[in-house]
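With chain V's structure known, arrange chain U on it following the hints.
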Amino acid sequence: MAVYLDHAASGPMHPAARDAMVDWMEGGFGNPSGSHAVARRARLVVEEARDVVGRFLGVAPAGVVFTSGGTEADNLAVLGPLGTRPGAVVVSAVEHPAVLEAAAGSDREVRILAVDADGVVDTDHLKLLLDGEVAVVSVQTANHETGVVQPIARIAKIVHRRAPGAVMHTDAVQAAAWMDVAAFCAAADLVTISGHKIGGPQGIGALGVRDHVDIRARALGGGQEQERRSGTQNVAGIVGLAAAIRALDPARGELVGRLRDLLGRLVLDTCPEAVLTAPSAEKLPGHCHIRFPGAESEALLFLLDQKGICASAGAACASGAIEPSPVLLAMGVDKDGAGSSLRLTLGAGTTESDVRAAAAAIESAVSALRAGGRR
Amino acid sequence: MRVLVAMSGGVDSSVAAALLQGDGHEVVGATMKLWGGPSDTGCCSVSDVDDARRVAQQIGIDHHVFNFTEDFDRWVVDPYTADHAAARTPNPCIECNRHLKFDRFLERGLVLGFDAVATGHHARVVAEAGGRWSLRRGADQAKDQSYVLHMLGQYQLARVLLPVGGMTKVEVREVAGRLGLRTASKPDSQDVCFIPRRGGRHSFLSTRIDLRPGRVLDQDGSQIGTVPAVEMVTVGQRKGLGPAIGDRYVTDVDAAAGTVTVGPLENLLDARIRLDRLAWVDAEPAAGERFEVQMSAHGQPVPGQWEGAASAVVLDTPVRRVAPGQSVVLYRGDAVVGGGTAVPG
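Here the protein sequences come in this chain order: V and U. Heads up: the first sequence begins at 1 in our numbering, then just goes up one per residue. Heads up: the second sequence begins at 1 in our numbering, then just goes up one per residue.
Don't read these hints as lab results, they were simulated from the structure. Just so you know, even glycine gets a beta-carbon here, dropped at the ideal spot from N, CA and C. There could be a bad hint or two in this list.
Some but not every residue of chain V turned toward chain U, in silico, with C-beta under 10 Å [stated by the list, open to error]: (1) Gln306; (2) Ser319; (3) Gly320; (4) Ala321; (5) Ile322; (6) Lys335; (7) Gly339; (8) Ala368.
What follows is a list of derived Cβ distance ranges for each label pair [unchecked claim]: (9) V/Lys307 with U/Gly153: 27 to 35 Å; (10) V/Glu133 with U/Gly199: 32 to 40 Å; (11) V/Pro293 with U/Asp78: 22 to 30 Å.
Bound-form chain V, shown alone:
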């Protein structure tokens, strides 16, 4: 039986989300934009879900834009505001590629915000980057690889003071599984979430947009989602996303955090060379990021996979090849260190025996790689 420790990549659906989707798909169908009874039912479930998602994001229901996932929502958040504003894009160096590549693909100047050794943004540097010529600032709520949490309220305050015309976006895709997004991201103008990272289905995400913020659509067509994202809504996905949000249990963070700490301790005890990434920073409870100097991520993951442990290294390209993590490089970790990364991410279903099995497998894999020598 596999031990699944890659919840940051994608997690199992919560039974409540699955049931809600099946219920909908068995009984309903139809285009929510239509004007007859069948369409009205579809519209009803979409709007019920919009209320739930709006509350979760801390925005009005009309500020919820359903998208095909986190990447599309991030793209819309970075590029959408540019349609009505001149100026540069500021992104932190540790953003997800969905933000970094959107910024790079824009026609604007891109200013990269530095992070410290823990991966937390340098607010002094932020102040230097901000001026009246900034259109969008995007800083994630928590990092996809390390789980390190950013001080969003402080960052947003600085942005709004120093660049009053700028829109502040935060990608809360990873944070949403564990944090009170509405409260923590209250000062941000735009917030991204994704279904499959929080117990919902893949293929659905949302961008929360505050009342005063105008963004220009990227997907053009029928004008759905208040003309901010055209295309017939993924009704089943929307139903699943809302059900997953309803099923989120704030108490499980503490439990998972304890298991995560146990995992880190077991690995550090058995692998003396192992280095915990950002040990003292505030992190999401599910994330355990460890480096094994002298071992290569690829080889480590291969051996863990053979032992039934599903983990990741953090960064992979389209071919599936593991790349040296740009997140760790931005934190000042050298290439070899970045190339020896292991990202273990726990979920609500992770058990202590999972954690112990993973720690034992890691010990044996690391010692096998050491015995084999490194080139």
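This is chain U only, laid out in the frame that chain V set:
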């Protein structure tokens, strides 16, 4: 046996994996991502990884991707550009075999607990008396790749399987077709995998080294023309040098002096080839031993002998000079004895 198969996304390695799986080995496939830059041919684009992964799914084995782009830059791409800068004519596929497939990949496989690695090369590894191994030509004469594997020694041959070496290409495609593999009718890769077809070698090199114009001299040393880049000229070349060349050949390229010397065919002929980067399948041959000598991937072997101490091959009959950087491989019958890389003089 536990076997790690290097799956390029081509038909040969697809069938290699399928055959090993069919023989009851414990097989895992892995595709090396070698080149990080733009590519449209060869063996390392995302679509080739997808093909390899799909074949692995179809035959029911696990598939992994190994990112060796840094090693590839270091051992293949950088030396390739350095060779051109020095007016040599490199064979990057041979360096890729030497440093990536049969070193980095092989060692990765061994560290991961595999007994052997396999590739889709058309050549045969044969167990000989006394626990020794020989490397022999592939059964399909037209597809034989033993030349590009000449650097394999006893250590590698004891740990390498070449499952399609005994088959013809037609047979390989038949097996792939019978198994319904998506690579069954995929064309063979032809060109250097990291050189995009658009722009080609010239534009690839021009972004990495300074291509310098050169003077074309005749055998007496008088200038008869110019070339836009000496680094792009190869010994033996006669095309692309302008009409003044007539029916003469390039007999020498001097990158430092920026000159290309041309002359009649007899000036190009040479019987003695000095080699470096020597590699022997088994023991180094004795001076005076006679072999068939092959000077290009599908060239006709010619008789010659090993000079020993001077690290040179002396051919019975002079041939057009081998461009420095090209590999020269010695055969005894269909068995590779070893070889090296031609150096000037």
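* To do: Note whether the CB distance of V/Glu133 and U/Gly199 lies within 32 to 40 Å or breaks it.
  => 37 Å, holds
* May I ask you to test the interface hint for V/Ala368 with respect to chain U, counting a Cβ-Cβ separation under 10 Å as satisfied? => 7 Å, holds
* To do: Would you settle whether the hint for V/Lys335 is holds or violated, based on the nearest Cβ-Cβ distance to chain U being less than 10 Å?
  => 8 Å, holds
* Go through the hint on V/Gly320 and say holds or violated, using the shortest Cβ distance to chain U against 10 Å. => 4 Å, holds
* Is it true that V/Pro293 and U/Asp78 lie within 22 to 30 Å of each other by Cβ? -> Holds: the Cβ-Cβ distance is about 26 Å, inside 22 to 30 Å.
* Asked: Does V/Ile322 pass the interface check with chain U, least Cβ-Cβ distance below 10 Å?
  -> 5 Å, holds
* Asked: How does the Cβ-Cβ distance of V/Lys307 and U/Gly153 compare with 27 to 35 Å: does it lie in that range?
  -> Once the Cβ atoms are compared, 33 Å apart, the range 27 to 35 Å for U/Gly153 and V/Lys307 holds.
* Asked: Given V/Ser319 was flagged as interface, is its beta-carbon under 10 Å from a beta-carbon of chain U?
  -> The hint holds - V/Ser319 has a Cβ within 10 Å of chain U, the shortest such distance being about 4 Å.
* Hinted contact V/Ala321 with chain U - closest CB pair below 10 Å -> Result: holds, 4 Å to nearest chain U Cβ.
* **Closest C-beta approach of V/Gly339 to chain U relative to 10 Å, hint status** => Interface hint status for V/Gly339: holds (9 Å vs cutoff 10 Å).
* To do: Report holds or violated for the interface hint on V/Gln306, using the least CB-CB distance to chain U and a cut-off of 10 Å.
  => 8 Å, holds
Comparing the model with each numbered hint stated earlier shows that all of them hold.
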